[in-house]
Amino acid sequence: MKKYILIVALLLTSSCGKWLDVKPQDGIIRDNYWQNKEQLKAAVIGCYSSLLNNGLVSELFVWGELRADMVSSTLNTAVDEVNIMQANILATNSYTSWSYVYSTINYCNTVIDYAAKVMETDKTLTQAALDGYLAEAHGLRALMYFYLLRTFGEVPLQLKATDSDNSLDQLEKSTQDQVYAQIVADLTFAETHALETYGSTAQDKGRLTKYGIYALEADVYLWNEKYDDCIAVCDKVINSGRYGLMDGSVQSQWFNNVFYIGNSAESIFEFQFDQQQLNPFYSMFIVATNRFIGSSRVMDEVYGIDLTDATKKDIRGDGGSIRATDQMIWKFAGATGGTTSVARTAADSWAHWFVYRYSDILLLKAEALAWVERGQEALDLVTTIRTRAGAIDGTSESPDPGSAIDVSNYILNERTREFAFEGKRWYDILRHAKRNNYAHLEIMLDMVAMTAPGSMQQSIINKYKDVRSHYLPINQYELQADKKLVQNPYYQ
Amino acid sequence: MKAFYIILILFIAGCKKSPIVSQTSDEVTIIGYLENYPDQFSEFRKILNITGDDGFLGVYGTYTVFVPNNNAVASFLKSTGHSTLESMDVQKLKDIVKFCIIQDTINTTTFSDGKLSKLTMFGQYLITGAANVSGETRITVNRQANILKANIRVSNGIVHVVDNVLTPATETLAGMLANNPKYSIFTQALRETGLYDTLNVPAGSNTDSSRRWLTVLAESDSAINAAGFGTYAALKARYSHTGDPTQLEDSLHLYVDYHILYGVKYLADIVTSSSHTTLAPLEVVTAKLSGQHVLINDDDFNGVHETGVELERSTSDNSATNGVLHNSLGHFAVKIRNPVPVYWDVADFPEIRNLPAYFRKQAYAYSLTNMPADFVVPGPSTMTYSVGSTYVNGDFLMIPLGGPGRSTYIDMKTPLLVKGKYKVWICYRVQKQSNSSNNLNQISIDGEVMQRTMNFTTAMPASTAGEMEAQGWKWYTDPTSNNWGARLVGTIEIKTTERHTLRFTTLQGTQNNNNLDMIHFIPQDMDQLYPRFKADGTQVPRP
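So the protein lines, in turn, are chains A and B. Just so you know, we're using the numbering used here here: the first sequence kicks off at 1 and counts up by one. Just so you know, we're using the numbering used here here: the second sequence kicks off at 1001 and counts up by one.
Keep in mind the hints are simulated off the structure, nothing from the lab. Being a predicted model, the structure only gives us computed values, none of them experimental. All C-beta atoms in this analysis are idealised placements derived from N, C-alpha and C, irrespective of residue type, glycine included. Just so you know, not all the hints are guaranteed correct.
Stated by the list, open to error - Example chain A residues on the side facing chain B (calculated, C-beta under 10 Å, incomplete): (1) 79; (2) 83; (3) 88; (4) 299; (5) 305; (6) 308; (7) 313; (8) 326.
What the hints assert, rightly or not - Computed from the model, here is a short list of chain B residues facing chain A with C-beta under 8 Å: (9) 1108; (10) 1112; (11) 1113; (12) 1129; (13) 1136; (14) 1146; (15) 1149; (16) 1151; (17) 1269; (18) 1289; (19) 1291; (20) 1292; (21) 1355; (22) 1356; (23) 1357.
For reference, chain A alone in the conformation it holds in the complex:
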């Protein structure tokens, strides 16, 4: 009897060793990954892939446009979306969820935490290349935190990868200054080590090059009123000679190159949707049951109509960003620009999400110039943009170059025309309104007075007078999952 037991025990422990060792059979575990530079590159590209998420891009559009004045609701707009447009944002609103953004941040954190391991096993990976990949991860993380900073204000800073069930941290919120400092730290690292080119146009526009980092830095510096830093960084992009404004004399060609195909000479960084990974905009803008259209003020006030000469039109208006006849958001919906208007089909809806274009650099620099008393240079930059676009006389202003606020307001209006529906309008309004400790809150309140429904106008104006309402509340599920998070006091 004992003999038999012994033999069985021997067999069990020797051959079934694999039984007790629970490794997944269809995946790679971390111990087997991070071995060579190809795996490192795949992980970095994976960070960019995580951006091509319909939930994330819908959120970026909603966060950047819905509370401003360029987008109108339709009969099919969801209740959560209507509530955001009417300043009735509750913690139960699905758009207050930041999980998509933190997913991408986690991928970046994973690269940052484990990339150095590769150098131990793969000796062909140079330090410069490793730093280049790390720069991309830092830069993308900074971009994600910049979105969170502008949307929520105070967010928890997760800088370590969440890579096992044991590493679920309960983090507190960091202050806006702390988040900002982290963003700048990430970007400072990235700007030193990022590569200038990856060898192909698609990669240069789809991954963060050094110039993409500069563009993001310009936006970040301007957000906290660091004008000289912003101008310096913009100049680096301008002087590189790699980017320029695409010619606008034939609207259909300009639209085709810049918006339909994307990755033009004007583009600096775009989310690379393509036929295998479509964007969410077909159901949002194009179908008969679309959820958003351009508001009526887009053609009336933003672009204007030249009543005397019908040949003069702003190429960014009808047939560019919007289709005047039914206010469809043409920038993402159009297959052709100009007078013949053919919309994209469902299989064709792969318009890129435009994060930074060269015209953004020019206008960010102009805004910084206006506030350091170089107003005339700022106006010259605005003129460059307007000339390329064929902007009509009705929308041109002639502010006094010495008056920073007047030049700045003109630049704000020009940004509305140039970046219509690109998810920047609300952030522009917030940046201008909060300048100098909310010295110009009336910029936001005047916009709100015009767009609010008549029966709620006074309530909404008073809500925006409370500056804490400019940021979204933390989603209720996040509050339940992380007990250390404290809700924005406006939303109690």
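Use these hints to put chain B onto chain A, whose structure you have.
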């Protein structure tokens, strides 16, 4: 053997029943919620006990309750001079409880600047808003309290915590006006016309349902003085033409009637509709929101802008037991307008003007999803804006009509028509697409059918102007053309001065090329045949 017993014991010990976890909601009712937080809500709980309302709030239902916290109840007691809740009049406590309960679930996302959609159980409306005090904005209720915590979902409704007890209005509209010395002239006018009594009945006890809730746009003494009437006597002398203001046709009576709107309309409700009926028969006031200002009777009429009066926000929205009182900063009265002829070019509307590449240059076909706001068709056909010579202003509308392959009707919104009697002429270019084409249409205005029909395929019987007018035809273009004719479809009495809806309903036939150029509304005692219109739009008067 021993092993057998051991195994048996193991079996018995191991056969435990697996516990079935029955899931019921552990959400509390409103009463349960109040009892869970006694440090905040013990006083209100006590009030509910005294009034006996804790019964229905503790069981199934859908209620929204604005609960005052303990501090609120304490300051309320102090303000009424009572030291304990028990010493207060039970009826008054019951009123207060009923005033803060609504028999529906209302979330803060549905709050507007005006009233909540349902009455409270007390029978008065609560209004909401948002107020910004030193940088902090809170949602306000009835201008009496701030919401401290909103949208607390409990099993039988929603709880909002407020920082003050909500008290209902106690005065009627008439009482409110009488007690406010700055409305002395207006109040005297109310008394002398007898409308004071109309405004003095609380909503709950009013047997006349149409006058249960009223809205008053009162003019303060300073507004009346600024218009040139120093005293009530001056106002009466100017308006009361019969000398007896109690008469319904007396102009002073109409003046006061014109300041009273049917229904309870807070400023948020006033701006959501462009016109409101008043107690004055068939007279409306127009309302608009200009920027942040609420303007009454601010209109563009016949090309002339008529400035309206503003309702002052800070002194308006005063709730009474039978309505709302607003303060008008200016003097306004019923406008006497004589009917003016309206020569309506139907192809001129804002949406086509916004397309300068097409407006008066080339044709533009509308689709069902982007029809201009003032035109409604049921489908399947729509309309095409077209250009052509001889048409007035060089453009016209080509409207396919006639079922089943085309829309059976089209609705159009007319320009502002002053009330009065008008003859209606339909100006069109005759076209018969094929030998058998027909398109017989009935015209109706606001649902009232006109006396004659018109047919887009029927040409004018050209003879002399007089004979044609007798048969109901006229030339309307200059120079005249027998293919461009106007058909008299009848006389309509326009009852209110505003925009109206005109409908073409096809009775027989169907065709695409129905070419509509203009529609004329000419007061019945005016020259019907002139002016005629050149292709560039100039009017040609009678020679």
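Right, here's what the structure says about each hint:
The closest approach between the C-beta of residue 79(A) and any C-beta of chain B is roughly 8 Å, which is under the 10 Å cut-off, so the hint is satisfied. With its C-beta approaching chain B no nearer than about 5 Å, residue 83(A) sits inside the 10 Å limit, and its interface hint holds. Given the 10 Å rule on beta carbons, the hint for residue 88(A) holds: about 4 Å separates it from the nearest Cβ of chain B. Annotation: residue 299(A) was flagged as interfacial toward chain B, and the flag holds, the nearest CB pair being 6 Å apart, inside 10 Å.
Nearest Cβ of chain B to the Cβ of residue 305(A): about 6 Å, under the 10 Å cut. The hint holds. With its C-beta approaching chain B no nearer than about 9 Å, residue 308(A) sits inside the 10 Å limit, and its interface hint holds. Because the beta carbon of residue 313(A) sits about 8 Å from the nearest beta carbon in chain B, less than 10 Å, this interface hint is met. Interface hint at residue 326(A): satisfied, since its Cβ lies 4 Å from the closest Cβ of chain B, which is below the 10 Å cut-off.
Evaluation of the residue 1108(B) hint against chain A yields a held restraint, the C-beta minimum of about 7 Å falling below 8 Å. Satisfaction of the interface hint for residue 1112(B) is found here, the shortest Cβ-Cβ separation to chain A being roughly 4 Å, below the 8 Å cut-off. Nearest Cβ of chain A to the Cβ of residue 1113(B): about 5 Å, under the 8 Å cut. The hint holds. Hint status for residue 1129(B): holds, given a least beta-carbon distance of 5 Å to chain A, under 8 Å.
About 5 Å separates the beta-carbon of residue 1136(B) from the nearest beta-carbon of chain A, less than 8 Å, and the hint is met. The beta carbon of residue 1146(B) comes no nearer than 11 Å to any beta carbon in chain A, farther than 8 Å, and the hint placing it at the interface is violated. Proximity of residue 1149(B) to chain A holds as hinted, the smallest CB-CB distance being about 6 Å (cut-off 8 Å). Of the supplied interface hints, the one on residue 1151(B) holds, with its beta-carbon coming within about 7 Å of a beta-carbon of chain A, less than 8 Å.
About 7 Å separates the beta-carbon of residue 1269(B) from the nearest beta-carbon of chain A, less than 8 Å, and the hint is met. Restraint check, residue 1289(B) versus chain A: the minimum CB separation of about 4 Å is within 8 Å; hint holds. Here the hint on residue 1291(B) is kept, as its CB sits about 6 Å from the closest CB of chain A, short of 8 Å. Checking residue 1292(B) against chain A: minimum C-beta separation of about 6 Å stays under 8 Å; hint holds.
The restraint placing residue 1355(B) at the interface with chain A holds, with a minimum CB-CB distance near 6 Å, inside the 8 Å limit. Contact between residue 1356(B) and chain A, as hinted, is supported at the beta carbon level, the nearest pair being about 4 Å apart and thus within 8 Å. Checking residue 1357(B) against chain A by beta carbon gives a least distance of about 5 Å; that is within 8 Å, so the hint holds.
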